[in-house]
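With chain A's structure known, arrange chain B on it following the hints.
Below, each chain spelled out in residue letters.
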Amino acid sequence: MAKVILKAESISKQYRLGLVGTGTVKHDFNRFIARILGKEDPYLKVGAENDRSAKATENYVWALRDINFEVKEGEVLGIIGKNGAGKSTLLKILSRVTSPTTGVIKTKGRIASLLEVGTGFHPELTGRENIYLNGAILGMTKTEIQRKEEEIIDFSGCTMYIDTPVKRYSSGMRVRLAFAVAAHLEPDILVVDEVLAVGDAEFQKKAIGKMQDISKGEGRTVLFVSHDMTAIKSLCTRVVVLQNGKTFFEGETDEAIDKYLEKYKTSSGLINFKGGKNVFKLKFSRFEVLNKNKEISSSFQSGEKITFKTTIKVNHKIRNPIFSLRLSDSNNTSIICWRSNDFIEQPLPKGLEDDLIIYISTNKLFLLDTIYKVSISFLDGKELLDYKRDFISFEILPGKPNERFHPITKRKTYNSIVFAEAKWQVEQ
Amino acid sequence: MAEEKWLYEISSKKKLLSLNFNEIWRYRDLLLLFVKRDITTVYKQTILGPLWYFIQPLFTSVIFTLVFNNLGSISTGLIPPFLFNLTGITAWNYFKECLTGTSNTFAKNQGIFGKVYFPRVIMPMSVTISNLVKFGIQLLILVSFYVYYISTGAMITPNGYIALFPVYIIMMALLGLGVGMLVSSLTTKYRDLQVLINFAVQLLMYLSAVPYPLSEAKAKFPYFVAIFVQYNPVTQIVEGFRYMVLDSGTFTWTGFIYTLVVCVFLFLVGLVVFNRTEKNFIDTV
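Listed in order, the protein sequences are those of chains A and B.
If you read the first sequence in UniProt numbering, its first letter stands for residue 1, the second for the next number, and so on.
If you read the second sequence in UniProt numbering, its first letter stands for residue 1, the second for the next number, and so on.
Treat the hints with care, since some could be wrong.
[Stated by the list, open to error] As a list, the in silico DSSO-like pairs of lysine-lysine whose alpha-carbon atoms are at most 30 Å apart:
#1 A/72 - B/189
#2 B/36 - A/142
#3 A/106 - B/5
#4 A/246 - B/5
#5 A/7 - B/279
#6 A/72 - A/294
#7 A/313 - A/294
#8 B/189 - A/246
#9 A/106 - B/36
#10 A/259 - A/233
#11 B/279 - A/106
#12 B/279 - A/26
No lab work stands behind these hints, which were simulated from the structure alone.
Extracted from the complex, chain A is given alone in its bound form (with noise of 0.2 Å):
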C-alpha cells in the first residue's frame, strides 16, 4: 500500500465578514490582551458556517471546519464544491499562500501550485525569460529549467513567440505557456485549480494527458480542483467534496460526483431522457424550461413567465392521459402542482395516440429567490406510466414583480415562499 503524503488534520480557516475597518484595532487589540492572559482568541468561539446566501448574522465566518483528510503516493486527489465552498481557500492553504487558522498540514513532499497560472508573468520580458521567472518561482532552480527548456517551449506550442514579449501574447498562449512550466515542474505533490477551463481543446486534452502522467507514469501525487466533471473522471481516483466550508463526501469519483450532482443539480435547463426499459405505453424523452424568449434558460426573475416544455413519446394508445408537474424547493417541500386534469375541459385529447409536446407556462408567478426543483408523472387514469423526481432545477433570481413595489431582496428576509399580488384597501 502506497504511503500517506499529505495529512490535514482538522483545517479550519476563519475570516472576517464585511470591511476591515473602524472595528479591526479593537478586535487587535482584544486577542492581544487575550493572548497575554494566556486565553484562547476570543474570537475563534464565534463564526457562522460558510453558507454564501444566508443572511450574515455574525462578523466572523468559517470558509473551512474541521477538513481531515489524507493523500496517497501517487494519488490524484479531486476537490469538488459549488462556488464558495471552501476549495480555493484550502489549496491557498495547501501551497502556503495562507496559514490555517488552526489545525495543521503534515507534509512529506514539497508542494507546489498551480494557480489561476501566469500571474507571474512579467509583461515586459519575453516568453523564454519568463520562463526561466516563472519557474523560478516555483521553485525550480536555473539548472532544472535550462534542462527543460525546449520541452517546455514545445509542450506550449508557442514556438514562434518565445522571443517575444508576454504582454503580446493572448490569453490561451499565456495560459499555455504557464501551463507548460508548471507541468514541468518536478515537485511531490502538484496543486492544480481550474486552469484548463481556458485553452482550447486540442490544449485542454494534452494538459490533461500531461497530468495523468504525472500522476501515473511518474508516480506523483497531484490535487485537483474543478468544476469540470469529466475531467474530474478521467483524471481523479478519489474526490472530496466540500460544502459550506466543511467536507460532505469523501470516496471513491465516480460516487462522489453522483452525490455532488445529486446536491447540486443546477442544470442548464434542458433535460434528455435515456433509455428507460419499461417503456411500454409512454415515456418521457426530453424536458425544457425556457424564458420568455422561448430561449433554455435556469434562472429567472421573479415573477418571469417561465415556461416548461416536455416532450413526450407515446407507443400506444392512452385512454385517460392526467399530466402533471410540480416545483419544490430544496426542503422538499412541495411549492405548486399543475396537473391535466384539474380542468373541466381537459387539455390532452382521450384516446392519445401521437408524440406530444406539453407548453406549461406560468403567468404571474411570483416565486421567490432559491433553487426549485422539478418533477413531472404521467398517468393512463391511475396507472403511473411515466415519472421523472426532481431531476432538473431552476433558480428565481431575487427581484421585484413590478415598480410598484420594494425589491423582494432575500427569501429568508421575506421568510415565505411565494409572493402575490392582492388587492389592498384601507379604510378610515
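Okay, now just chain B, sitting in the frame of chain A:
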C-alpha cells in the same frame, strides 16, 4: 506505530524568527532572476533608458547647490558644493530606494503572493540588491565628477576610513530593508502608512544632513532638532560616507558603532515583523 517523519508542517503557529536559510538558498536563482527583472524592465520602452540613473542624482545635486549653497549660502568648506551634494545624494538615494522599494512589498506583489509560495523575504532582498546596481552606476558618476574636480585643482582626497566603505553600504541596505519591511508589514492592515511613507521620506532627507554638513545643523538648528539630526542613523551614514570620500565633516567610532547597532536592530525587528505578517497577509491586504 513509529513517529512519522514529515518534511514540513503548515499550521498557524508562529515562531519569533522562522527564517529558513536553507529555503532561501534553494530559491537563490529566483533572487537573481528578480534582480535581473528589476534592472532590465524598469526603463523598457523609454528613450533614455539607463541614462535615467544618471539624470536623477545630477539634477537633484544641481538644484540643491542652487538652493542651499548659492541661495542659502551653506558653507561646505573647501569642498565644491556640487560635489558635496552629489556625495550626500548618492548615499541617501541608496537608502531611500531600498526603503521605498521594499515598503510596498506586500501590497505590490499581492497578485503573485496570493498564488504561489516562495520565501517572501526574497522580494525585498531582490529590491535591495537591484538597487545596489543602481547605486554602483551612480557611484560611477560621483567618481567621474571627483576626478574632474581634482583635475581642476580642488583640494579633495579620500581618507583611510574608505576601508569602511563596504560596511557603510551594508548598513544602508540593512536600514532601508529593515524599515521597509516593517512598513510593508504594517501597511497590509493599516493603509495609513502607505500615504505617510512618501512624504515622510522626503522630510527625513532634510533631517538627515543630506544637503548640509552635520556641523551646520548643530550650530543653527534648535537644540532638539539638532539632537534628532545627530542621532538619526541616516545622518550618521551620510556624514560618515562624506567623511571618508571627501575628508570633510566628522567621524567618531562611537557614532559608527551606534549606527551599526541601530541598523542591525531595525533590520532584525523588520525581519521578525515581516515573517509574522507573511503567513496571513493575503487575508487582510
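Structure-inconsistent hints, enumerated in ascending order: Numbers 1, 6 and 9 - these are the hints that the structure violates, sorted from lowest upward.
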